[in-house]
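Peer 1: Here is how the chains run, residue by residue.
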Amino acid sequence: MKAPIKKLIRRLIHPGRGTDLSSLWGLIGIVVLAIVLSPSASDGSRIFLQPGNLTDILRQVTVIGIIALAMTYVILTAGIDLSVGSILALATGVVAMVLTKPPAGLSYGYAIAWAILAALAASTAVGALNGIVIATLGVQPFIVTLASMIGVRGLAKWLTGNANIDIGFGQDVAAKFAAIFHQKTIVIGSYAVLAVIFWLVLSRTVFGRHVRAIGDNEKAGRYTGLPILSVKIWVYSLSGLLSGFAGVLYAAENHQGNPNSGIAYELDAIAAVVIGGTRLAGGKGTIAGTLIGTLIMGVLTNMLRLNNVDSNVEMMVKAVLIVLAVAAQGKRAAE
Amino acid sequence: MKMQAWVAGAMALAMAGCGGSSKTAGGKKQYFVAFSQCNNAEPYRAAQNALMTKLFAASGDVKLVIDDAQQDNSKQIAQVETFIRQKPDLLIVAPNERAALTAVMGEAAGAGIPVICLERDILQPNYTTYVHSDNVEIGRMAGQFIADYLTKKYGTAKGNVVEMRGLLGVEGEISRESGAQEIFKKYPGIKILASPVADWLQSRAKDRMTEVLRVQPKIDVVYGHNDPMAIGAYLAAKELGREKQMIFVGVDGLGGPAGGIKKVMDGVLAATFVYPLCVEKTVEVGLKMLHDRAFKPEKDYRLDPVMVTPADAAAMYAKYTVAE
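Going down the list, the protein sequences come from chains B and R.
All letters in the first sequence, in the order written, are residues 680 to 1014 by our numbering.
All letters in the second sequence, in the order written, are residues 14 to 337 by our numbering.
Derived from the structure by calculation, the hints contain no laboratory data.
There may be inaccurate statements among the hints.
Here are a few chain R residues that face chain B, going by a calculated C-beta distance under 8 Å [what the hints assert, rightly or not]:
| no. | residue |
| --- | --- |
| 1 | Ser87 |
| 2 | Ala91 |
| 3 | Thr95 |
| 4 | Arg98 |
| 5 | Glu110 |
| 6 | Thr115 |
The beta-carbon is built from N, C-alpha and C at its ideal position, and this holds for glycine as well.
Bound-form chain R, shown alone (with noise of 0.2 Å):
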């Protein structure tokens, strides 16, 4: 018994410590604002949640709180559910897959709850609103660049490209590919050496980098689906001392010192696309939608990636980068 007693205890201390008080000074009213995050483990989802909390505190007027769902789809349904039961003024849903957390918006938006869809799809309309970008366009404008940089270099699109795959099934993974795939297409003298997957994680695109340095002997660009394998690219030429002979591209164009806009600034990278955090716009209309209860968002708020090459590298830095 004594010991239940302390467990008690225990407890009780860790939620006065941590359970946040929801009374605001001045008696105005307090927005309830939740966000379900897929995972708080990806540099792009901290980065999200660094700039949401940012921005909503700016507001003055809403308590926001984040949940991770640490990448596993029951654990997020069952946090969605929960927020359900404290009825949120605005529920923000970064979906961790398509299917799975269909139903469960579906839920939020029939109790009444506005619900924006941040970033990621699901398989049927159950928000308010859906704020995202393209992941096909940024594949494609990564196509561009890696053709129009083969063209220069040899006056003509021709040369030997060496792809760093994300996870395998993810949307991301397979539209970044394939939106480079319809570029390349068009330029026959393009030549895909390798496609190896690492998994998004830098320390693995390093291992497969090296196995395909040991075997081809002349590489122009790697292409990697996000910055990270990018560099681990850019580290296993380095090792070898062949950093020098081709150029790394890579997409998410996070700000912050650890980002990818930093790596084009110190010429690690050619260039990054922005794929954009949604985060502003997310805020803006959710604002919007808690101040003023006539207005009407659109169903769909689509943002277009961004290109950071060394030339506004640093101006990109600035903008992108947020602040502590």
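So here's chain B without its partners, still in its complex pose (with noise of 0.2 Å):
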């Protein structure tokens, strides 16, 4: 376990030894130009600096950043995925019902546990779904997920007759649940966990080696006899994992299960991945990057907003900051 982290740190320091992070600088930028800008407390601190405000920060991204991990390992595949929002919709929708009509006989810790794995199961049989469909009849994954971005939302406002299910403030088991995932603690530190692992698997494991090289050469991974058909069934049915489960969190925070929500978020998501360097092509790209597009995402609307900046205007500086913070990385790729 100490290694990797020294690695890491190696790593962030010098950059360019086989990872590009070249957006660190940019997060970097970022976080200075919020520290210079941020507006004073009475007491004279800097708003932008307290602790709550930086854990603020964290809480919020979570939710897009969880999906990002997977999509990372979609986009290296030379794939994508679409349908993350749905399926998150999906995820707080199953959570809320299994919530709110607990089956009978269960304590709650035993009904939260049913509940979050009701979730994740369906989840992730969709990302599974897309997985084998992508594999096995060989269309593209953007057309693929396309359609069940479409199919899984309409099964997420069918299940629950169009409605939100409201999960209440009371001593049931639904109010539990959300007492217990709301939490910063809890909500922040499975981002972590999960960071942890998704960095892991894809730079020390000979699957997270498989995933690059699909991406990289296809056609030389199928020569080679890479298990390319699983390799892509387990990335999609982990970008399903993940959107469940940022699904389960998105439920607890704002109490409900809502199937219009999620609308949008596979562009976050994939912007996210993008400005962390991942090449939109496959083959290259890491999870730190990822963090870090996520971040750079994250602390730059904190910013925005702590000085008060139109929201409008806030849409088109994100605009300006994706293209410029890609177009910084391919100069350097080229350098």
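These two chains come separately, so use the hints to put the complex back together.
Peer 2: Have a look at this one:
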């Protein structure tokens, strides 16, 4: 466990040694800017640096951040997953439905575990289905996941009868669930754990090497006997699983199962991955980069809001940032 | 590296252009009022923003900041959290949805920030005061208007009604529907021919109404759960030359050239029901809270809906139109 951390730190200090972390400088630049421009609290301290504000940022990026972890794998295989927002909506619906009508005779702990498992099973099943169709029928990932983005949204709305399922604040099992999974430590902690797992799997395991190799050159992978079929199915299943888990956290945070939630989240997740330096054509990219990309978006949003910049201007600034960040990486790679 | 410098430069420029100054002339205390709006894209919400900006500007000692949550609960929670860090003198929240905003508004109130909940309810009373109207009552008023119209037309309350429904599952839609149903149940002669769902949108209402018109030869009243849907239904009927055979009733009653009151003046709608913006009361109570620390607002201010018919539309138009 210690060696990889040392290596990560080394890589952060010396980007370019195998890992391209030029986006790290972008993050540092934005953090510095956010500190400089931060408005002051009544005691003169900078609001941006208050622990409460910094953990706000981490909590706020968690849902997109978790989706972006698995999205990195998908994009590394030269794929794309447009269905993540719909899967998130499905998971919020399933978890809230089970919690508001828990199976009789289960204690609170088991009922909550059962609800989360049901949501994760449903979302992983959708992801696996995406992967199976992509891998066996050879249909483009864009088309397959576009179809499931539409279909799964329909499924979520149909399951919930178009209505939100509210999770209240009482003493029932649903309220208990929200009280637990709404806490900052749980939310940020689970993001951190998942990030470490996804980083280790990508950088330390054979599976991780296969993910990269497929995106780099699928044909060559086929000739050298890589298990392309199973790797693809795994990657899309993981994307479904993490989108589902993000949905569980979303349901707790928002106190509801909401079939209309997560619209356009796939674009935010893809933006975070791409800003983090992962090549959209596959083969090249890192989890550390995706974490940085996610944080860049989060810090930027927080900085603009603390300064009360118009939210329409916020969108324009983000657009400029995405293009500049990717252009900078392209230049670096060419150098 | 050069590129990163560019990014930073571009953003510094953007900030310099947009971050307003908070200093005020004359050394008078300036109050910071933060307003978290759930969705600027709806005309009703845009009208709220315009009126609130105007009224607070008139007070002279308030700096108002409006954030748009773009109909996204998570986004709105994040925005309210950021406002809490900024410690405004007054926080106004128009919650996107009940359950989602309850906890974070509780955090704001817990941090000692006075909170006004605007128009939509939340699950627990995590606010200093709540300013709102009543959608069930507006549904009842619309239902009664329709029953009275049919009684006048046929001598007894009977006839065929088409309802254009908003986004399903939303409180406004449920209440405007159930309020009208309460009245219709009293008159067995009134028949609901169809209740297509048009998600509050004029263009979608026109398509759905066209389909209904192809199937139903005899329609007396169209009740749109908002004005744009009633107008969309009118446009569909007009295209088929049938707009004179029926009347169109809407809800919202916004002022301005694009609002429903103007459509009553133009003879498109037979009536609309003003669902109050709730902004005048909010600003009145808000300013009192800012200026007088001892002032204790009531927990709940309920504003009555208002009916607009051709007879008083011109006067109502003047009253409900916010001058730029």
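Peer 1: Next item in the hint list is R/Thr115. Is there a CB on chain B closer than 8 Å to its CB?
Peer 2: Since chain B brings a Cβ to about 6 Å from R/Thr115, closer than 8 Å, the hint holds.
Peer 1: Can we keep the R/Thr95 interface hint, with Cβ of chain B closer than 8 Å?
Peer 2: holds (4 Å)
Peer 1: Next item in the hint list is R/Ala91. Is there a CB on chain B closer than 8 Å to its CB?
Peer 2: holds (5 Å)
Peer 1: Was the hint right that R/Glu110 lines chain B, CB cutoff 8 Å?
Peer 2: holds (6 Å)
Peer 1: Holds or violated: is there a CB of chain B closer than 8 Å to the CB of R/Ser87?
Peer 2: holds (7 Å)
Peer 1: If you take the shortest Cβ to Cβ gap from R/Arg98 to chain B, is it below 8 Å?
Peer 2: Holds - the Cβ of R/Arg98 comes within 8 Å of chain B, reaching about 5 Å at its closest.
Taken one by one, the earlier hints all hold for this structure without exception.
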